[in-house]
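> One-letter residues, chain by chain:
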Amino acid sequence: MDSEEVVAVQGLRKRYGDIVAVDGVSFAVRRGETFGIVGPNGAGKTTTLEIIEGLRQPDEGHVRVLGLDPQRQSAEVKQRIGVQLQASAYFDFLTLKEILELFGSFYRRRLSALDLLEMVGLRERAGSLLKHLSGGQQQRFSLAAALVNDPEVVFLDEPTTGLDPQARRSLWELVRGMRSQGRTVILTTHYMEEAQALCDRVAIMDGGRIVALDTPDALVSRLEAPFHVRLHLERSVDPRALAVAGVVEVACPADGRDGLYRLQVRSVAESLPLVLARLQELEVGLVDLAVERATLEDVFLALTGKELRD
Amino acid sequence: MLLNLVMANLKMLFRDRVSLFWALAFPVMFMGVFALFNLDRPPQVDLAVVEEATGPLSQPLRQALARMELFETKDEASEAEALRKLRNGDYDVVLVLAGDGRTARAYYNLANVQLNEMALSALERFFDEFNLQAAGVQPAVQLQQQAVSGRDIGYMDFLVPGILGMGLMQYAIIGMATTLVGYRSKRILRRIQTTPLPVPHFVLAQVAAFLVLSLLQTAVILGVGRLVGADLPGTLFWAFPLALLGNFVFLNMGIVVASFTNTEPAAAGMGNAIGLPLMFLSGVFFPTDQLPPFLAKVVGYLPLAPLLEALRAVLLHGEPVFTAWRDILLVGAWAVATLALAVRAFRLE
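First to last, the protein sequences are chains A and B. According to my numbering, the residues represented by the first sequence are 1 to 310, in order. According to my numbering, the residues represented by the second sequence are 1 to 349, in order.
Honestly, the hints are just simulated from the structure, not real lab data. Treat each hint with caution, since some may be false.
Derived DSSO-like pairs: lysine-lysine, alpha-carbon spacing no greater than 30 Å straight-line [what the hints assert, rightly or not]: (1) A:K97 / B:K297; (2) A:K131 / A:K97; (3) B:K11 / A:K131; (4) A:K97 / B:K85.
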């Protein structure tokens, strides 16, 4: 095994009764990498994470974390990993500082509570109770709590679910900070733009399987139509008229406004001049035009035929 | 590591004012309320005397009534008025001395069985003696009465060890159950599981914190008990190890309750469903020998009754703790059984 692989998962399977939560998952995460597992709710992300953390036993498959077996060498693995659970709370009647000190006391190696709070911008709230913090602050605190033992590998399960955009961006900064400290980060999310913004590599999960695994760029580039051309025309035209060479699909955004079209194209260089020429032929004026790169959202749609958004 | 955790748990218990109220103030309030009632006061019969005419009976009757503490006597002019008040509950007994000087009628309210019995037998005794004297008969046998002074156990003396047992039980079962259910539903137990600290150690530290608090509970309840006038001649010291043992049983029961419920209100409800019947049946407020014999026997094997027996043996009767070995053994057996049950039933999710 490559010594730089801090997490290696082979043929993982886990079922709960009739439901197969994880159905043959394999991947490896390299040291220092931020690795994302993305997919809709119920895709098996959390179960996969909890098996790697040693909280659950797989029905089949092998897991190595830092070269150790998280089941049989769980105490040693737990010394060296940091975990943020999805929707987990802390004690109601301890201050932030007291909670971090208490959790720190469970480990051989620990960071100072005040430094951790400083890191997540909660230093001045050290004496507060958790319930007096906003949702975003609580989530930042739980990141700090995941770092009490100065872990080599950090697991974050849906770290930004339920947060407003501003709080989400502030959390992203913290996750980037972990990466720059040299920690390996494994996170799950069902926000594709989050995976795109944070992750070096992304595994897309659906129905308990990994349907694609690569860097966000490579995943997008592999799409049949990795670019979108958005058109705003003076008047409506027959969408079929816009399907010039290289256009994979023409969509009329369903907001009821006339003259709006989105073309998915293989190559901007190939299709854009043809589109403009066609507009001239049709004698339709152009109000606005934008070219965008496709996103992981489109990758997910292309791979599963499903919209990710809930 | 564990000591840290116990200290943190204690901190949390003390900061949780609501549950601290249930642990300390609630049993203390119970004692205060019972102290107000003054349940040791002898019973009293409110007696109305209606004299239709002054006869030879009048003078001795009044002398006799004045001597008897049982009666609080008032005069009424009319029989009808006296009976009306009897029906209203203003009087317990109405005694009418008829105008012929040869008849006396006693009316009583059927509602007060025990009082009636005492009042009527006292009146009967008076009229018997009066009749014998009037007939000039010398009694053949004279009953001589003499009181032998023993310790007079007041109701508060009896109650305080009961309240102690009740307070320990209620707080341990419900406190432990709601705490654990909260930790489970908020996934704190799962979070602990991600650290090197074994979850059983975490629960053990929680038990230890509750045990420490039970010592404080014991001190407060016994202290306040003395303040409100309970006379506890025994060594208070032995109450503490007994409290720990009993508390351990109830904490285990709390863990079991937590395993069978999913929300804190449900845990509190189930804790009460177990605790309240135990409290009323096990001799907290009145001795279990007032229960139907079969029930008393069953209750005697449940954990609270033997704990109270042992506490009362030590606190009330000043007996050495080892005389209650049978009760202590029984509570100990419960400790082992409930621990096994708690370990089996415990769940993380």
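> All the hints need checking, so say for each whether the structure fits it.
How the hints compare with the structure:
no.	hint	in the structure
1	A:K97 / B:K297	53 Å, violated
2	A:K131 / A:K97	14 Å, holds
3	B:K11 / A:K131	17 Å, holds
4	A:K97 / B:K85	70 Å, violated
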